[in-house]
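Put chain B on the given structure of chain A with help from the hints.
Residue-level listing of the chains:
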Amino acid sequence: MSTSGGIPKHSDLKTPLKRVRGWGSSRSGTHHFVVQRVTAVALIPLTIWFVWFVLVLVHSDYANARAMLHQPIQALLMIVFVGATFWHTQLGLQVVIEDYVHATWLEIAAQLLVKFLCVIGAVASILAVIQVALA
Amino acid sequence: MDNIATPVLKRNERPMSPHMGIYRWQLTMTLSILHRATGVALSVGTILLCALLIALAAGAESYDSVRALCMSPVGLVLLVGWTWSLFFHLCNGIRHLVWDIGWGFEIPRAYATGWTVVAASLALTVLIWAFVLTGGAA
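Protein sequences appear in the order of chains A and B. Residue numbering for the first sequence is 387 to 521, as defined by the working numbering. Residue numbering for the second sequence is 2 to 139, as defined by the working numbering.
Here chain A stands alone, though its shape is the one from the complex:
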């Protein structure tokens, strides 16, 4: 929102930072923005790999699918893909909730739920990959 009141009058010796700190939370600044972009960049090659991986799965049976994920490089890429995907998902859904959910208790509940589900989804998927990779 624009500061329609004009130029702040510095009638005391407070720095602008000290002044703004009393005006509510600035949350996490640019950290969210940066991590969203970092995971996005990582997901470009990983998504291309994932599409290739799924296309191979489409035309293979269970044994071949397992053998595929058993290869260390495929297991590694799947774990990194899952991690980046759920991280990026949480960051994206967080913004959607911030934008559309305005009741405080509902927003906090939704943010917690999304975070918990993303962690559970990531850990469960990675455990499954490890189980296949080490079998």
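Source of the hints: derived by calculation from the structure; they are not laboratory data. All residues carry an ideal CB built from backbone N, CA and C; glycine is no exception. Incorrect hints may appear among the rest.
[Said to hold, decoys possible] Beta-carbon label-pair distances, calculated as ranges: (1) L498/A - R37/B: 14 to 24 Å; (2) S63/B - L498/A: 28 to 38 Å; (3) V420/A - M72/B: 35 to 45 Å; (4) V81/B - T490/A: 20 to 30 Å; (5) V75/B - V440/A: 16 to 26 Å; (6) I516/A - V99/B: 34 to 44 Å; (7) F106/B - V420/A: 36 to 46 Å.
[As the list claims (entries may be wrong)] The following residues of chain A were derived to be distant from chain B, with all beta-carbon distances above 12 Å: (8) T401; (9) H417; (10) I434; (11) I459; (12) A495.
Okay, now just chain B, sitting in the frame of chain A:
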């Protein structure tokens, strides 16, 4: 003394963004909305990713039941939707990253890259499903 910024308005008196009803519909806003919509759709799709990997670890029966679920009519419709969502979010995400480094903000470029994203995401979706349905012969 603290007369610096925010005039006190009631919540419903605050200035609003242009309302959808009076805003001429255009490509750029459509793609912006679709980027968010496909992102949410793909978030739901991660459930299938999870299910697939867990089924692969659990055994042949679970894996085959997830496959059967995917090959059911509802499953196929969802998969086509997720395929396009994935390619759209990927292509438009690259468009966003290019904006982040400061290129392509001019209106003609925003439209050119926008239509490129639409065409590329549709073409990739058709290509992938042609490959899937022809048994990889293509």
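Results of checking the hints against the structure:
no., hint, verdict
1, L498/A - R37/B: 14 to 24 Å, "21 Å, holds"
2, S63/B - L498/A: 28 to 38 Å, "30 Å, holds"
3, V420/A - M72/B: 35 to 45 Å, "41 Å, holds"
4, V81/B - T490/A: 20 to 30 Å, "39 Å, violated"
5, V75/B - V440/A: 16 to 26 Å, "19 Å, holds"
6, I516/A - V99/B: 34 to 44 Å, "36 Å, holds"
7, F106/B - V420/A: 36 to 46 Å, "20 Å, violated"
8, T401, "15 Å, holds"
9, H417, "15 Å, holds"
10, I434, "8 Å, violated"
11, I459, "16 Å, holds"
12, A495, "17 Å, holds"
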